[in-house]
Every structure is written in C-alpha cells, then in structure tokens.
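Trainee: Okay, here's what each chain looks like letter by letter:
Number of protein chains: 2
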Amino acid sequence: MSLPHMSESTEMYLKALAELGDRHVAIARLAERLGVTPVSANEMMRRLGEQGLVAHTPYKGVTLTEKGREAAANVLRRQRLWEVFLYEHLKIEWSKIYELACSLEHATAPEVTEALAAFLGNPTVCPRGNPIPDANGTFAPLEGKSLRETAAGETVTVRAVNATSTEVLKYLQEKGILPGQRVTVIEAAPLEGPLTLLVNEREVALGLSMAEFVVVEKTVDSGR
Amino acid sequence: MSLPHMSESTEMYLKALAELGDRHVAIARLAERLGVTPVSANEMMRRLGEQGLVAHTPYKGVTLTEKGREAAANVLRRQRLWEVFLYEHLKIEWSKIYELACSLEHATAPEVTEALAAFLGNPTVCPRGNPIPDANGTFAPLEGKSLRETAAGETVTVRAVNATSTEVLKYLQEKGILPGQRVTVIEAAPLEGPLTLLVNEREVALGLSMAEFVVVEKTVDSGR
DNA sequence: TGAAATAATAAGGTCAACCATAAAATTTTC
DNA sequence: GAAAATTTTATGGTTGACCTTATTATTTCA
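Protein chains in written order, with my numbering: chain F, 1 to 224; chain S, 1001 to 1224.
Since the hints were made in silico from the structure, they are not lab data. The model shown is predicted, which means the values in this text are computed figures rather than measured ones. Warning: the hint list may mix true and false statements.
[What the hints assert, rightly or not] Each computed DSS-like pair below joins lysine-lysine, with the alpha-carbon atoms no more than 30 Å apart:
1. K96/F / K1067/S
2. K1091/S / K91/F
3. K218/F / K67/F
[As the list claims (entries may be wrong)] Quick list of the computed label-pair ranges, beta carbon to beta carbon:
4. S165/F / N1200/S: 23 to 33 Å
5. G35/F / E1111/S: 18 to 28 Å
6. E1111/S / E32/F: 21 to 31 Å
All C-beta atoms, glycine included, are put in the ideal place defined by N, C-alpha and C.
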C-alpha cells in the first residue's frame, strides 16, 4: 500500500495537485504554485505518470489517478495534522503554520502520523479550514466556491484558505480573512482588477490571485 | 548565527561526530556509524572542513570546530526534544523514537524547536538518557564511561544509551538495559568476546559493539 | 483561417551526496 | 625495519530534481 519511499518533491507535486482541485490541472498552474518552471513540472509529470500516480493528457492537463489520490490524501493528512499541532499546542502564528507543517510532513512516518492524530483527538479540519483526510484517505472535498467567483453585493462566509505562501497567509491574517469570517464583496474591479471587501467593518482590497484560494460559502443563516 | 541551510547529510555527520565524543574521531568509525563507505565520509569531511565545521588531521581523525560544535548541539537539541515528544506524548515505543525523531529533526525550524521545548517544559534529558543542549548550545557532556570498559564484578547504573539503530535499541529494550537500570558485569569474555551481565536478575549477553554505546556510572548509593 | 498564445519535447548542464575501484601515503605491529 | 593494516587521494560513475534555451505541436481567438 505505502510506496517504497516518496521523495519530498513527489509529495509536493501530489499535494499541489490535490489542493488545486480534482479536475484537470494545467501544468503551467502547477508549476506556478510550486515555483518551478513549466519544463520542470512537465518532466516531473512524466515521472509521476510512469509511477501511475497521475494521468497526463497533453494540452489538457493532469489529474491524479486513484493511486495518486490516495497518496495525496496521505500527504494532506500529515500536513494538516501538523498544522493543528503547531497552532493548537505550540501556539505558532497562524500564517506560519502551513510552511512549518510542510517541512515536518515530509519527515513523518505512518506510525507517527497515527499517534499524532490520536494525540490531537482525531481532528477533522485544520486551522486553515481544510478537511483532514482520515487514515484510509477518505475526506469530503471542501464544499463552496472561491471568493474570486463571488459577485459584488454578495455576503459569504469564509470556509477555508487554500493559500500556501506564508506571505499571502500573513496578508490574509492581517486583514482578518480567516475561516468563519463573514465577508461582503463590495466591488469587483474590471479587467481582472482587485475585489473590495467588507471584513469586520473594514474595507479590504484583495487581488484575484489571492481571492482564488479563499473558499467561501453563501451565508445562509445571517443572524447566527 | 544559523547557517544558510544545512543539508540533512551535514546534520547527520555533525550529530554522529558529537555522539562519538569530543576527541579525534577516526573517519572509518564515522563511516561505520553512518553506514557509508570511508571514501564517502572522507569526501564529506573535506566539505565540512571547507565550511569550517570540522578540523581534519590526516591519519589522526576529525574533531568539531567551535562552530561545528555549536551546530551539532543545535541538531542534538532538536533530535532529543522530538524524542521526548514522541515518547512522552505520542506514546511511541522506546526503541523506535531515535529513528523517528531523527527524520523530524532535519525538518524543524528554529521557531518550532523553541516552541516545542516550551511545550515540553524545557526538558534536560531525552528518554535515552542523553542531555538536551539548551537554546544556546550549552550542555554538560555526559559523565561516565562506556559499559565496554567496565570490569567484571563491577555493578554500575546505566546513565544513557547512545546507540542509534532501531535494531540495537530494540535488543537493549528487550533485555532491560535502559537508563536508570542497575547492571552487574559477570564476565567479560576474552578476545573481544561478549559481556555477560546481570540485569534485573536475568543473565544477558551483550557484544562489545553494543556495550560501547551504553554509558554507565559506578553505582554509589546501592541502597536507594 | 492564420497569427498569437500556450503547451510539450528535446538537448545539454548543474549540484549534492553518494558509490566502486585502484593507487599512494602513513601508521602499526611483529 | 619490513610487512601488514589502515587511511587518504584520485578517478570516474550514478541518481534525482532542478535549470536554460530552442524547437515543435496544438489550441485559441480575432
């Protein structure tokens, strides 16, 4: 079941693919998220393809195979369990936990993963609002749409933040765009311009590339 | 202070040197402990020498420089803090903690190290009995001699176990050779033969290569 | 439909940390 | 003091994950 040993690099690619959604992912977007050149990402997709972890349809993009999806869930489980630990127990700043948990994740044996999950009380969401896959790799992929697709005038509730860069997370934290927060889109500037939001009675400007990774849900019970 | 980035490999070499004591260490012994060929260890010593971390006197051995000693203390700190966490909080089996902590150690940022230390209550010894350096890199190098040098008839108390292989640690665990345990050397077989010990009223055979890494202290207060 | 944009492939290069084999230098031991 | 053992150096090779530059293929859109 568990693969001979997955390199750190392989794990990062799998995680990125899982985080980018379960449809076909353009290699250019993958490369961008990982900070490598498209050529490198392409090479890597060939390698992962040979291992049966992804399926690549030229000019269409890549998807995880079932095997790849399972492996990715495992990586996400480790990543997000560490996030919980770092945030809840070590009291590390919210914006830094993704990056710090990421390093630990690659170094975590299955035995430690399960012991950690038990220690934490088998949490089901990470501090960034993302679901934590269970030990079998099953987890409900997050409901909701991205803030980017939210029309002006709408009021939504932040469900999760899928950004990974500490810098971006720091910006979101400063502006209060955190899971559970109610946000109203005041304006969406034309020409792919930024959104203007109302967060905690403060106006906040947010570029689309950041809004992309904020998962929101239409606020239903406005009076809770 | 903290180096640009130390590779996992560099950290392992520094740690092994620190664990092997503060005298000149023969490259062959280093290679043996790390499971690489002497040629590889030699190459690596040249590299670490260029970085000012070790001093190599040909045919005499290597020692850590002050810079190297500090770096090594930092690695040991991380290693041993994780050992405490894995053992005390995650309830992982004693014999496995070294290896599992080792992986985590390489992936641990300074910020996490310090938060972990605080979470654990700033422990000063790891479950294997070794001292945990403080945040400045200072720590009392373990008092005592190795079980290997203990004469037949002597009764000693195990202070620490400096073995690293899970297999060896498992054997020691099974035989009860753990920190705090009183041990009597019944016989030391000739020709570098094994020791026969009395541990918990049971006779135990122990090869010299294992005994080498059991640090003991002459039992003073026999009636505690 | 043809040009522009995007995506894929090809070719060649780097870097760290290993490996093996073999030759040379030094130390230890008889 | 010479042979044996150990250590060091030299040479050349491998692997994974990147990189650049250039060419070719495909898709999108005006």
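Trainee: What hints, given by number in increasing order, does this structure fail?
Mentor: 3 and 4
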